[in-house]
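A.B. asks: Sequence:
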Amino acid sequence: MRQRTVRLRTLTATAALALAASLLAPQPGAAADEPPPAADYCEGQCADVLPPGANGNATLAEILAHRLLGTQPAHADDQLGPYDALSSGYPSLTDDKLTEFFNDASFGVPAGQAASVTRPRDDVTITRDKKYGIPHIKGSTRYGTEFGAGFAAGQDRLWLIDLFRHIGRGQLTSFAGGALANQGLEQEFWPQAPYEEKDLEKQVEYIRTTQGERGKQAMEDAQAYIDGLNAYRVKSKNGRYFPGEYVLTGKIDAITNIGEIEPFKVTDMIALASVVGGLFGNGGGGEVDSALSLLKSQEKYGVEKGTKVWESFRARNDPEAVQTIHDGTSFPYAGKPENARGTALPDAGSVEREQLVYDREGGAKSPSKALKDPVKAPKKLKPLQGMYDDGVLPGGLFKKDGQKKGMSNALVVSGKHTASGNPVAVFGPQTGYFAPQLLMQQELQGPGISARGVSFAGVGMYVQLGRGQDYAWSATSAGQDITDTYAVELCEPGGGAPTKQSTHYLHHGTCTPMEKLERKNAWKPTLADSTAAGSYRMQVFRTKYGVVTHRASVEGKPVAYVSLRSTYRHEADSIIGFQMLNDPSYVKDAATFKKAAEHISYAFNWFYADSRDTAYYNSGANPERAKDIDPALPVKAQQANEWKDFDPDNNTSAQTPPAEHPQSVNQDYYISWNNKQAKDFSAAGFGLSAVHRGDLLDGRVKKLTEKGGVTRAALTRAMSEAAVTDLRGEQVLPELLKVVRSKPVTDPQQAKAVQQLEAWQKAGAQRNQTAAGSKTYAHPDAVRIMDAWWPLLVEAEFKPGLGKDLYEALTAQLGTDESPSAGHGPTGAHAGSAFQYGWWGFADKDLRAVLGEPVEGKLGDAYCGGGKLDACRDALLATLTQAAAKPATEVYPGDDNCKAGEQWCADSIIHRALGGITHGPIQWQNRPTYQQVVEFPEHR
Numbered sequence: 001m002r003q004r005t006v007r008l009r010t011l012t013a014t015a016a017l018a019l020a021a022s023l024l025a026p027q028p029g030a031a032a033d034e035p036p037p038a039a040d041y042c043e044g045q046c047a048d049v050l051p052p053g054a055n056g057n058a059t060l061a062e063i064l065a066h067r068l069l070g071t072q073p074a075h076a077d078d079q080l081g082p083y084d085a086l087s088s089g090y091p092s093l094t095d096d097k098l099t100e101f102f103n104d105a106s107f108g109v110p111a112g113q114a115a116s117v118t119r120p121r122d123d124v125t126i127t128r129d130k131k132y133g134i135p136h137i138k139g140s141t142r143y144g145t146e147f148g149a150g151f152a153a154g155q156d157r158l159w160l161i162d163l164f165r166h167i168g169r170g171q172l173t174s175f176a177g178g179a180l181a182n183q184g185l186e187q188e189f190w191p192q193a194p195y196e197e198k199d200l201e202k203q204v205e206y207i208r209t210t211q212g213e214r215g216k217q218a219m220e221d222a223q224a225y226i227d228g229l230n231a232y233r234v235k236s237k238n239g240r241y242f243p244g245e246y247v248l249t250g251k252i253d254a255i256t257n258i259g260e261i262e263p264f265k266v267t268d269m270i271a272l273a274s275v276v277g278g279l280f281g282n283g284g285g286g287e288v289d290s291a292l293s294l295l296k297s298q299e300k301y302g303v304e305k306g307t308k309v310w311e312s313f314r315a316r317n318d319p320e321a322v323q324t325i326h327d328g329t330s331f332p333y334a335g336k337p338e339n340a341r342g343t344a345l346p347d348a349g350s351v352e353r354e355q356l357v358y359d360r361e362g363g364a365k366s367p368s369k370a371l372k373d374p375v376k377a378p379k380k381l382k383p384l385q386g387m388y389d390d391g392v393l394p395g396g397l398f399k400k401d402g403q404k405k406g407m408s409n410a411l412v413v414s415g416k417h418t419a420s421g422n423p424v425a426v427f428g429p430q431t432g433y434f435a436p437q438l439l440m441q442q443e444l445q446g447p448g449i450s451a452r453g454v455s456f457a458g459v460g461m462y463v464q465l466g467r468g469q470d471y472a473w474s475a476t477s478a479g480q481d482i483t484d485t486y487a488v489e490l491c492e493p494g495g496g497a498p499t500k501q502s503t504h505y506l507h508h509g510t511c512t513p514m515e516k517l518e519r520k521n522a523w524k525p526t527l528a529d530s531t532a533a534g535s536y537r538m539q540v541f542r543t544k545y546g547v548v549t550h551r552a553s554v555e556g557k558p559v560a561y562v563s564l565r566s567t568y569r570h571e572a573d574s575i576i577g578f579q580m581l582n583d584p585s586y587v588k589d590a591a592t593f594k595k596a597a598e599h600i601s602y603a604f605n606w607f608y609a610d611s612r613d614t615a616y617y618n619s620g621a622n623p624e625r626a627k628d629i630d631p632a633l634p635v636k637a638q639q640a641n642e643w644k645d646f647d648p649d650n651n652t653s654a655q656t657p658p659a660e661h662p663q664s665v666n667q668d669y670y671i672s673w674n675n676k677q678a679k680d681f682s683a684a685g686f687g688l689s690a691v692h693r694g695d696l697l698d699g700r701v702k703k704l705t706e707k708g709g710v711t712r713a714a715l716t717r718a719m720s721e722a723a724v725t726d727l728r729g730e731q732v733l734p735e736l737l738k739v740v741r742s743k744p745v746t747d748p749q750q751a752k753a754v755q756q757l758e759a760w761q762k763a764g765a766q767r768n769q770t771a772a773g774s775k776t777y778a779h780p781d782a783v784r785i786m787d788a789w790w791p792l793l794v795e796a797e798f799k800p801g802l803g804k805d806l807y808e809a810l811t812a813q814l815g816t817d818e819s820p821s822a823g824h825g826p827t828g829a830h831a832g833s834a835f836q837y838g839w840w841g842f843a844d845k846d847l848r849a850v851l852g853e854p855v856e857g858k859l860g861d862a863y864c865g866g867g868k869l870d871a872c873r874d875a876l877l878a879t880l881t882q883a884a885a886k887p888a889t890e891v892y893p894g895d896d897n898c899k900a901g902e903q904w905c906a907d908s909i910i911h912r913a914l915g916g917i918t919h920g921p922i923q924w925q926n927r928p929t930y931q932q933v934v935e936f937p938e939h940r
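In terms of this note's numbering, the sequence shown opens at residue 1 and continues consecutively.
Worth double-checking, as some hints may not be accurate.
With a straight-line Cα cutoff of 35 Å, these simulated DSBU-like cross-link-like pairs (lysine-lysine) come out [to be verified]:
{"id": "1", "residue 1": "Lys369", "residue 2": "Lys380"}
{"id": "2", "residue 1": "Lys886", "residue 2": "Lys336"}
{"id": "3", "residue 1": "Lys886", "residue 2": "Lys300"}
{"id": "4", "residue 1": "Lys372", "residue 2": "Lys899"}
{"id": "5", "residue 1": "Lys899", "residue 2": "Lys752"}
{"id": "6", "residue 1": "Lys762", "residue 2": "Lys679"}
{"id": "7", "residue 1": "Lys804", "residue 2": "Lys369"}
{"id": "8", "residue 1": "Lys202", "residue 2": "Lys500"}
{"id": "9", "residue 1": "Lys524", "residue 2": "Lys557"}
{"id": "10", "residue 1": "Lys799", "residue 2": "Lys743"}
{"id": "11", "residue 1": "Lys644", "residue 2": "Lys679"}
{"id": "12", "residue 1": "Lys644", "residue 2": "Lys336"}
{"id": "13", "residue 1": "Lys416", "residue 2": "Lys679"}
{"id": "14", "residue 1": "Lys365", "residue 2": "Lys382"}
{"id": "15", "residue 1": "Lys557", "residue 2": "Lys251"}
{"id": "16", "residue 1": "Lys500", "residue 2": "Lys369"}
{"id": "17", "residue 1": "Lys365", "residue 2": "Lys198"}
{"id": "18", "residue 1": "Lys702", "residue 2": "Lys775"}
{"id": "19", "residue 1": "Lys636", "residue 2": "Lys305"}
{"id": "20", "residue 1": "Lys703", "residue 2": "Lys97"}
{"id": "21", "residue 1": "Lys520", "residue 2": "Lys202"}
{"id": "22", "residue 1": "Lys97", "residue 2": "Lys707"}
{"id": "23", "residue 1": "Lys237", "residue 2": "Lys380"}
{"id": "24", "residue 1": "Lys588", "residue 2": "Lys416"}
{"id": "25", "residue 1": "Lys636", "residue 2": "Lys738"}
{"id": "26", "residue 1": "Lys416", "residue 2": "Lys886"}
{"id": "27", "residue 1": "Lys416", "residue 2": "Lys702"}
{"id": "28", "residue 1": "Lys416", "residue 2": "Lys97"}
{"id": "29", "residue 1": "Lys237", "residue 2": "Lys265"}
{"id": "30", "residue 1": "Lys251", "residue 2": "Lys516"}
If you are wondering where the hints come from, they were derived from the structure by calculation, not from laboratory data.
Using the sequences plus the hints, can you model the full thing?
C.D. replies: The following block contains the structure:
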């Protein structure tokens, strides 16, 4: 086991001196010798892309020109076209053509290609290339390099950074307006990471004082980054070229320039890190909902069979689930104990969700209907009025349903199977489609830093996903269980009888007061957000075991269910791992890459490639749980059930040692699309079953690897084909058709629908336009039928057997479908990411059982037609008839961007505007937002 407080490996004296020497820098403002060019061993074989463009800032004049004339600020959308074009261009892709769809990601800017050079200090330059305007930051001192990174972040993402620091602090409505979506978003996020300023300051000090020399350096780097960001904030405000959203939201007067952009602090970085972690790096939780669905199953079937049925749907370790480590190596974690103890199932009907919002006033009085009070707008600004009336972000972005959305993919092939003998990788994060993107591109070159890639805006001290001098790395969200739910027994300090609303609880036998945290938000209408003036107060109670989420009774005693996340109070600890990944003196091979990834606390799957090796490592602050505790269900808050060596004051505990994390070097190939990591590494929630979107990658990459001679283009083609393929059509439709075809289909309409589906499936089950710009699918009727049929067939297959209550409880935890046209993704509808969570694995297992085919890890009962083939066929045909009769206008009802019945448009990706600049729809692709294609021919 290991303590979080000693995560950083002890440095030898020699290593410490070397680190200090590499990081020594002149005082701020001092000039130093120009550093030599960084070595680049990729030799033009590293490429990347991040739509829509590098520039995410727009002045008020640029926003107006965009809305009135359709113009775009420079470099706001110039990567969107190449990104979109790959969906049509991939079939004929060769290595020579890669730069038609990706940027050259070599270090530096070629001679004659510098568009501008900014020198915010004497010890740093920011050079932007002509083609895409990406900042290449080169510092002669460590401080100057980080100052330049912060300055460039201000140039490219000032409004976005400001927006997200307020989300992280639970102050979105006060900052951007009281739109219902803004209210919903901050009400979803803040209870997951509620902090006071002293909590944020404590996290900064924790890194500075407990993580050795690297911790001190990290906080110095963070301060330098914030200094650079603030320098641009002041400069742009005084020069009147700050983002126009500050005017539209009433922060600055467009005529007098009176107003302020609030200064940034290092604690803002902690708040921002909590947002990034909340979106992409968490895992587990939802144990109360799991307990409720388990109880429904036991109520339906009895305790023994009900538990068996529930476990079959929970699929903690489905033997048929696609795995990243596919050689059979076992990495046991968070499994179901044989004889669980301490489980705290609620008494029937006793669970109540904790109230969050109080004291609603004015425009906040109606939580479901927005009251409008538009301000009087100058005539020239009328086109921009109300642009935030629907919120700056979708309200469900942080929905706590245990299902993180759109979480990246990776394809990596060992050099043994490539044409060159060097590893090839195509990988990147699937972070949604925003305008501007949450990520920003940059190159950082300075003492102890040499990397190019992307970072989340506002925490870009280091490149978080990208390439070094002779290696590249990327990540996918892992989502393993790092969050548990405890049931704290309630008490009254005077010894009276507690109720479910009591605000004291037993901690190690002592009646202890809960800590009340509050956030009071108020807003008034602005030109951008017409929501009437209003206010409310959010309130949570915090205990030593986490934040209260529900109240209930267990065995007749009142309890509060609380959520404890291992990364709570440690939102930015991962900075140490990122610092190492950027340090060319640290990462030199696969082994040192894995050691760097060990220092990342959030739950991610990390992938690595250099000229010789590939590697994989699963990171995360995995708590060492007490023996025989079931992490999938709530646990009684007793000392014997706590995480090992648990210290509630700092939320530290023993963690599983690095050797127990899934990891591998030079496996023949790796794929990841947020699928199961390895054998016995238990799923943290529902959804990792027999069919997963990872299968779309695994089958293609396996075939390529077996054939050999893999190239960058070949691997990119595999990714691209998977990106436009319907998972249901490829993986489940064959079984559906087998059942339907088990007897002749005699009804003409049914036969026509079956033939259309068969033709589509045979052609690859794609949702791709026939040619670039056609906006029409080759098999539109089959796609329409599949979209209409799937929800109907799943209900007809499972609801009769499960019963209404259990079916609804299970579908509340795992939705049945995620088609591209549904509004499920990280940016709502038009989100790109699809087929991540659904019932396709359950349907596949059940249908194969009905057909008499082999099934490993069977469901706990037979469902389709009660297990009878004829009855199952009747149910499928009845729903197919309904689906085939549904017109496109009903299947695709239309929205603000698409007319009813516009199938291609309904699927299309549309960047969610976080500011005043918008972008048109592009072809649907289930693909990373930022993506690298790399093949290093040389090594240091």
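A.B. asks: With reference to the structure, classify each hint as holding or not holding.
C.D. replies: Evaluation of the provided hints:
1. Lys369 / Lys380: Holds - the C-alpha atoms of Lys380 and Lys369 are around 29 Å apart, at most 35 Å.
2. Lys886 / Lys336: violated (44 Å)
3. Lys886 / Lys300: The given pair, whose Cα atoms are some 34 Å apart, holds under the 35 Å limit.
4. Lys372 / Lys899: holds (26 Å)
5. Lys899 / Lys752: Holds: Lys899 and Lys752 sit about 27 Å apart, inside 35 Å.
6. Lys762 / Lys679: holds (32 Å)
7. Lys804 / Lys369: holds (30 Å)
8. Lys202 / Lys500: Within the cut-off at roughly 32 Å; holds.
9. Lys524 / Lys557: violated (44 Å)
10. Lys799 / Lys743: It holds: about 24 Å lies between the C-alpha atoms, which stays within 35 Å.
11. Lys644 / Lys679: The given pair, whose Cα atoms are some 24 Å apart, holds under the 35 Å limit.
12. Lys644 / Lys336: holds (18 Å)
13. Lys416 / Lys679: holds (24 Å)
14. Lys365 / Lys382: holds (28 Å)
15. Lys557 / Lys251: violated (51 Å)
16. Lys500 / Lys369: Distance of about 31 Å is within 35 Å: holds.
17. Lys365 / Lys198: holds (31 Å)
18. Lys702 / Lys775: This hinted pair holds, its Cα atoms lying about 32 Å apart.
19. Lys636 / Lys305: It holds: about 24 Å lies between the C-alpha atoms, which stays within 35 Å.
20. Lys703 / Lys97: holds (23 Å)
21. Lys520 / Lys202: holds (22 Å)
22. Lys97 / Lys707: The hint holds at about 22 Å.
23. Lys237 / Lys380: holds (22 Å)
24. Lys588 / Lys416: Status holds; Cα separation ~20 Å.
25. Lys636 / Lys738: Violated. Lys636 to Lys738 sits at ~48 Å, over the 35 Å cutoff.
26. Lys416 / Lys886: Violated, at about 51 Å.
27. Lys416 / Lys702: holds (13 Å)
28. Lys416 / Lys97: With Cα atoms ~24 Å apart, Lys416 and Lys97 stay inside 35 Å; holds.
29. Lys237 / Lys265: holds (18 Å)
30. Lys251 / Lys516: holds (31 Å)
Consistency note: the structure conflicts with the earlier hints numbered 2, 9, 15, 25, 26.
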